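Visitor: Please arrange chain U on chain Z, whose structure you already have, making use of the hints.
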Amino acid sequence: MRNDFLDVYFSGVKGRASLVLAMLILVASVPFSPGSGLTFLVGLLMIQAVFAISFNILFGLTGLISFGQAAYFAAGAYGTAYLMQLDVGMPFLVAWVLGGLIGGVFAIAVGLVALRRASGIYFAILSLALGQLVYTVIRYSDALGRDDGMLGIDRPVLNFFLFQIDLGVGERYFYFILIATALLVAFLWWVWHGKLGRVLFAIRQDPDRVRFLGVNVQRYQQYAFVIGGTTAALAGGLMGPWAHILTPELAHWSYSALPILMSLLGGVAYFWGPVAGAIVFAWLGYITRTMPGIQELVIGGVLLVIVLALPGGIAGGAARIRQWLRRRRLTNEKEAGSNA
Amino acid sequence: MLEAHGVGFSYPGIRVLQDINLTVEAGERHAIIGPNGAGKTTLFKVLSGEDIAQEGTVTYQGQDVTRKGAWERVKLGFGRTFQVARVFPEMTVLDNMIVALECRQRIRHESGGPWWKVAAGRLLLEEARERLAEVRLGGVADDEAGILSHGDKKRLELGLSLALEPRILLLDEPTAGMSPDDRKEVVQLLKGLQEKRDLTLLLTEHDMDVVFGLATRLTVLSLGQILASGDPEQVRKEPVVREVYLGQRH
Chain Z
1 MRNDFLDVYF
11 SGVKGRASLV
21 LAMLILVASV
31 PFSPGSGLTF
41 LVGLLMIQAV
51 FAISFNILFG
61 LTGLISFGQA
71 AYFAAGAYGT
81 AYLMQLDVGM
91 PFLVAWVLGG
101 LIGGVFAIAV
111 GLVALRRASG
121 IYFAILSLAL
131 GQLVYTVIRY
141 SDALGRDDGM
151 LGIDRPVLNF
161 FLFQIDLGVG
171 ERYFYFILIA
181 TALLVAFLWW
191 VWHGKLGRVL
201 FAIRQDPDRV
211 RFLGVNVQRY
221 QQYAFVIGGT
231 TAALAGGLMG
241 PWAHILTPEL
251 AHWSYSALPI
261 LMSLLGGVAY
271 FWGPVAGAIV
281 FAWLGYITRT
291 MPGIQELVIG
301 GVLLVIVLAL
311 PGGIAGGAAR
321 IRQWLRRRRL
331 TNEKEAGSNA
Chain U
1 MLEAHGVGFS
11 YPGIRVLQDI
21 NLTVEAGERH
31 AIIGPNGAGK
41 TTLFKVLSGE
51 DIAQEGTVTY
61 QGQDVTRKGA
71 WERVKLGFGR
81 TFQVARVFPE
91 MTVLDNMIVA
101 LECRQRIRHE
111 SGGPWWKVAA
121 GRLLLEEARE
131 RLAEVRLGGV
141 ADDEAGILSH
151 GDKKRLELGL
161 SLALEPRILL
171 LDEPTAGMSP
181 DDRKEVVQLL
191 KGLQEKRDLT
201 LLLTEHDMDV
211 VFGLATRLTV
221 LSLGQILASG
231 DPEQVRKEPV
241 VREVYLGQRH
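Residue numbers (the numbering used here), protein chains in the order written: chain Z, 1 to 340; chain U, 1 to 250.
For the record, the hints were derived by calculation from the structure and aren't laboratory data.
Fair warning: this is a prediction, and the values are worked out from it, not measured in the lab.
Beta carbons are placed, not taken as given, at the ideal position from N, Cα and C, and that holds for glycine.
Hints are supplied without guarantee of correctness; some may be wrong.
[What the hints assert, rightly or not] Simulated crosslink set (SDA-like; lysine to any residue; CA at most 20 Å straight-line):
no., chain 1, residue 1, chain 2, residue 2
1, U, Lys75, Z, Leu308
2, U, Lys68, Z, Leu115
3, U, Lys191, U, Thr216
[To be verified] Example chain Z residues on the side facing chain U (calculated, C-beta under 10 Å, incomplete):
no., residue
4, Phe201
5, Arg209
6, Gly293
7, Gln295
This is chain Z alone, in the form it adopts within the complex (with noise of 0.2 Å):
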C-alpha cells in the first residue's frame, strides 16, 4: 500500500529514477510524432493528471471527499487568464502564481466552512455546493465573459530581464507544461511520501486515533485543503494559453467528476494511480473519438469493467502482479536451493 516509503528510499531509487526519466523522454518526445493532434492530447493529459493527484491528496491520502475540486482548477485557470488580460504588463509567472493562491485562498474559505460544519457525505455536498458557486459567478462575470467563455488567450512571453522566450513559438508551450507539470507532480509526491503525508494518512485511517496523538486534526485536514485547491489552481492556470479558450463548464460539477474517476481508475491509495487514471482516460477518448454517440458508453463500459475487476483499481492490479511474480521468484529460489 503506501508504506512503500521506507523502500523508496532505501531500495530501487536507480530504478524508479530511471523510470521516470524514460517517461519524461517519451512525453517529451510527443511533438516530434506526425500530426498536432496527439501533441495537444498530451498536454492536456499533464494538466489533468496533476489535477487528479491533487484531488488524490484530498481523497486518497486524508480521507476528505472533495466533489467541488473543478472549482480550484476554473479558479486558477480563470484567474491567471485574467490576470494576463489586464493591461498591466505583468509577467506570466507571476500571473500563474497568483492564479494558484486565488486556488488556494478559495481553499481556505471553504475548508474553514466545510471541515468545521461537516463530515463524511456532508461534507462532500458542501464542498459540491461551495463549488458550484464558482461556476456560478464565472456565468454572470461580464469580464470572465459570462457563458461565452474567455477567449483568444494567447501563449505568453516569459520575461527574464536579461532574455526572453516567447512561448508562442512552435510547441515550446507544451515544454513549459512539461516542466511546470514536472515541477508540481515532484512536489506533491514529497507530500505524500513526507512526514505530513504520513500524518495525513494516518488522518484517513483513525481521526480519533490522531487526535490521542496530540494532533489537531482539523488543522492538517485544512493543509490538505490547500495544497489541493492550491496545485489544482496551478494545473488550471496552464490550461487557457494551451487550448486559447476558457468555459465555465472547467467550474462545472461534471469536471470535479473527472479526478474522482480517474483516481478510482487508477488506485487511489497509490501516488501514481490517478496519473495511470488520467492516462488510460485520455487513451479511452482517443480512440473512440470517431465514435460519437457511442462514445460515452463505450468509456463507460471499460471503466466499469477495470473498477470491478481490479478493485485497487490499475496501481493496485500492478501491485498484486508484482507481488505475485515475487512470491514465484521466492519459491523458485527455494526449489533450486533444495534440488542443490
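Guide: Frame of chain Z; chain U shown alone:
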C-alpha cells in the same frame, strides 16, 4: 493530578453520569470498575476530552481542562487507549510508531532533520524499533498493523500512547478479549512501565485478577454514580459494593 468535580453527562434521553467526584493522585494505578452500562467508558471520554462534560469541571494539575479537546489534553500529558484497540491498519507496525514519534516531535517543536527529507531520520527509526521491542513487537515491525492479532494490536496501541511520554495514561479495558496468560503479561508490562516512567495510570477493567493485581486505588461506578472509592482491599469489603457488583460475580 486529575480531578473531576460534579461531572454530569447525558445522551439524549438517558443520563449516563451524575455528580461524579473523582481524584486521581500522581503515581497511582487507579482502576474504575462497575457493571456493564455503569458509565465507565463515558467517564473515560469526558476525562480524556473525547467528549466534553455537560456539568461540572475537570482539572488537570490544577488547570481547568473541562472544555479542552482531546489533542490539547494530550499536549498537556494525557495518553489514552481504546477498548477496541485503534491503530493505523494500512501502515506497517514500524510506520505506526514513526507516526506517533513524529507527532511527539510536533508537540515539542523538535526538528525531525532536514525539512525536505522524505524518510524518517535514523535516530527516530532507532527509537521506533526500541519502543516496539519494549512492547514486544520487534518481530512484527514490518507487518501491516491490520493483520496483527488482537493482543498485538492492544500492545501496539499502548506503545503508540507511550511514545508521547504521557504523565497520565487512561486505559479503557487494557486486557479486553485477551487470554489469561496475555492478561498476566499485560499486568506485568504495565506495572514495569509505570514504575520505570513515573506514570499515573487510570484504567477500567472487567477482569478482577487484573484489577486486584494492578490497582493501588479502586473506584466502583454503578448507574452513573460513584459507590465507593479507596484502597482496593477495603473497597472490596464494603457491603454495598459486594451487593451491586462483586456479589454478582463471586
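Visitor: Take the hints in turn and mark each one as holding or not.
Guide: Quick rundown of the hints versus the structure:
{"no.": "1", "hint": "U:Lys75 x Z:Leu308", "result": "violated, 45 Å"}
{"no.": "2", "hint": "U:Lys68 x Z:Leu115", "result": "holds, 19 Å"}
{"no.": "3", "hint": "U:Lys191 x U:Thr216", "result": "holds, 11 Å"}
{"no.": "4", "hint": "Phe201", "result": "holds, 7 Å"}
{"no.": "5", "hint": "Arg209", "result": "holds, 5 Å"}
{"no.": "6", "hint": "Gly293", "result": "violated, 42 Å"}
{"no.": "7", "hint": "Gln295", "result": "violated, 37 Å"}
Comparing the model with each numbered hint stated earlier shows that hints 1, 6 and 7 do not hold.
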